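Chains as they are written, first to last, in my numbering: chain A, 1 to 379; chain B, 1 to 379.
Each hint should be verified, as a subset may be incorrect.
Claimed, not checked - So the derived label-pair ranges between C-beta atoms look like this:
#: 1; chain 1: A; residue 1: Ser358; chain 2: B; residue 2: Ser159; range: 29 to 37 Å
#: 2; chain 1: B; residue 1: Gln340; chain 2: A; residue 2: Ala6; range: 36 to 44 Å
#: 3; chain 1: A; residue 1: Arg139; chain 2: B; residue 2: Ser159; range: 21 to 29 Å
#: 4; chain 1: B; residue 1: Gly315; chain 2: A; residue 2: Pro235; range: 34 to 42 Å
#: 5; chain 1: A; residue 1: His221; chain 2: B; residue 2: Val14; range: 35 to 43 Å
#: 6; chain 1: A; residue 1: Leu25; chain 2: B; residue 2: Arg223; range: 48 to 56 Å
#: 7; chain 1: B; residue 1: Asn90; chain 2: A; residue 2: Leu25; range: 53 to 61 Å
#: 8; chain 1: A; residue 1: Lys183; chain 2: B; residue 2: Gln19; range: 54 to 62 Å
Derived by calculation from the structure, the hints in this document are not laboratory data. Predicted, not measured: the structure shown is a model, and the values here were computed from it. Beta carbons: idealized from backbone N, C-alpha and C, even for Gly.
Number of protein chains: 2
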Amino acid sequence: MSAVFAGPDHAQLVINKTQAPKDLLPTDQLKFGASFTDHILSVAWDSTHGWGIPKLEPYKALSLDPAAAVFHYAFCCFEGMKAYKDAKGNVRLFRPEKNIRRLNTSAQRIALPAFDEAEVLKLLAKFTEIESRWIPEGRGFALYIRPTLIGTEPDLSVSRPQSALLYIIASPVGNYFGTSGMKAISLEAISTPVRAWPGGVGDKKVGGNYAPTIVAAEQSHARGFQQVLWLLGDPKVPEQQYITEVGTMNLFVAWIDHESNTKELVTAPLDGTILPGITRDSVLELAQERLVPQGWRVTEKRVYMTEIKEAAEQGRLLEVFGAGTALIVNPIRSISWNGQVIHCGLKKDQEVGDITSSMKDWIEDIQYGETEHAWSVVV
Amino acid sequence: MSAVFAGPDHAQLVINKTQAPKDLLPTDQLKFGASFTDHILSVAWDSTHGWGIPKLEPYKALSLDPAAAVFHYAFCCFEGMKAYKDAKGNVRLFRPEKNIRRLNTSAQRIALPAFDEAEVLKLLAKFTEIESRWIPEGRGFALYIRPTLIGTEPDLSVSRPQSALLYIIASPVGNYFGTSGMKAISLEAISTPVRAWPGGVGDKKVGGNYAPTIVAAEQSHARGFQQVLWLLGDPKVPEQQYITEVGTMNLFVAWIDHESNTKELVTAPLDGTILPGITRDSVLELAQERLVPQGWRVTEKRVYMTEIKEAAEQGRLLEVFGAGTALIVNPIRSISWNGQVIHCGLKKDQEVGDITSSMKDWIEDIQYGETEHAWSVVV
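Taking the hints into account, I'd like the entire structure generated from these sequences.
Structure follows, in structure tokens:
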């Protein structure tokens, strides 16, 4: 392992547990990312000493110089992942090595320090174990874990930060859909503003991808849509517009391919403009394993809005869903685009299609340990 | 004035000066953005109460929740501006209302709170006045001022931060070129990665524009170039590649236009992909006022690399320079592009061309109050 990737060392972890553990919130009061567990795990890095001693401490504010790089030049990247409690009380993570790998990739893209992934995985597991009382029981509930890496050097020159901080915090999250089951949402597909661009950072989980999306999402919401479907392609030429991501999810379209008359599950390719979602990858792998034997095709390719529209008009559009850590899958009722509303295959009183529903069950079964699978790691 | 733009109120400023003023650094030890003055001026905002009471306090660390929006989603924007000491000892700002206007525009693009620009200008002037002992005397020296606005709400939902902090810090800066005069630099023009794109945030001074540029700049530096010239256009089609910015400066090209045989100063248009530089604007205005009467044309238009190359080959390329707050203008010796080196009009032992040199003098004369001009504001 090269020097750059050495450390931190999980064996050096210093544990200083809180003397005043907080009360757990009732599970019906859990709001995503709004309340946090008892501790923070953090490890500092600087260019002279490399990674320092990891510390687990009571959750507390960070103290940073007002000139710290993160405040000025967005030296920040993160991950979002969940810990689950299975029926036997085991604590499980879902493909955590993928999140840690992606964090390392994001970090290096924005000149933040690389780290030894196996070591950070062990720190993550230890943090999760110590915070396990915060994992609400029951399907749909989880502890959302947020590894974060920021540049801390107080220096306004636009250059590689010579100090950084990696930290892990966590927030218990409820069953987003409550007891009522899934709810299909309506999207607005827009080509301006643009979320990401070839040669940009759309495939990295860096902070700079997020703040610029808020105003457009609010405006879309005010027009009655739940999420934005981000398109790429000339805003003046609808025929050139193709899908990238929806909100903070990847998008999947199930249709009957017009050439082969075959059922096909399609999603945008990893061309640098979309996040390489871990749920996306899981959906693709499960589809290969379980849908292909049923006669489905599974395809990563550029999907144009005109193709979706045409499939809907010709009755070939079966279902559409978003895929991400927050909801696993989110069924989509309609997409508003170019002055038209594209109905995505659901009947009026139907909230979720068969493929979307199966995907949710398959992935949840793994996450909650009901199907034994290598993706689910007991900590 | 709408409610959104109300506040902060400069008249409420609470001043708590340091009891331990720092020693000034010798001017030859000043490094851009590395040392800071005695105080920080800050004012908090939240969605319930709006802008709070502005405070001037001893320079100190910020204490922020690890879930604060700025650490995760890059809710951060800033300005860079300078205060100068003129020969009479007056303190001067250069077009400060332009910076404050741009900060407001940047803030609103990334869902941070808007503010009353006249009030923030007054706070800025007061801060500058209190820190005036930090402004080094002499041409080329200045106090670099960094107004910054960050989202502080501890909430991981990707949404508008409900709390924010506006703050001003400052760093004394030396004469970048020392006593040796200007130094021409060599650029590498690259089309991948891409700094900004249509529909993005390239025209806003938001943090997310900066972190993704570091690795490319380092790689370019390792190949022997001082700065990156960021291009837009298909990386595979050199003929389609056009200039946007250089490093963190706008780019100006002086050439003889091949159609009209007229001397022309051209720069990229404000099409959303480049920062609307205040130095850029000043260069354009001064060129209109002082070069046009000498027979020059001044043009904002898309400039293709093939045009620059052709002008160089035909002996029509007069000079090229970057323009920005840090250096005012920075002469450019050569641009490496598409496997070729384009020589930008300077002779071998020449570090700066006439237009570049005149622009520097004209703008500095105004900044240091040697030419009386409405752009220079005595505080």
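Going down the list of hints, with the structure as the test:
In this structure the supplied range 29 to 37 Å holds for Ser358(A) paired with Ser159(B), their Cβ-Cβ distance being about 31 Å. The supplied range of 36 to 44 Å is met by Gln340(B) and Ala6(A), whose beta-carbon atoms lie about 41 Å from each other. Judged by the Cβ atoms, the range 21 to 29 Å given for Arg139(A) and Ser159(B) holds: they are separated by roughly 26 Å. Range check, Gly315(B) to Pro235(A): about 40 Å between beta-carbon atoms, so the 34 to 42 Å window is met.
For His221(A) and Val14(B), the Cβ-Cβ distance of about 38 Å falls inside the hinted range of 35 to 43 Å, so the restraint holds. In this structure, Leu25(A) and Arg223(B) meet the distance hint of 48 to 56 Å, their C-beta atoms being roughly 54 Å apart. At about 58 Å, the beta-carbon gap between Asn90(B) and Leu25(A) stays in the expected band of 53 to 61 Å. Roughly 59 Å separates the CB atoms of Lys183(A) and Gln19(B), a value that falls within the hinted 54 to 62 Å.
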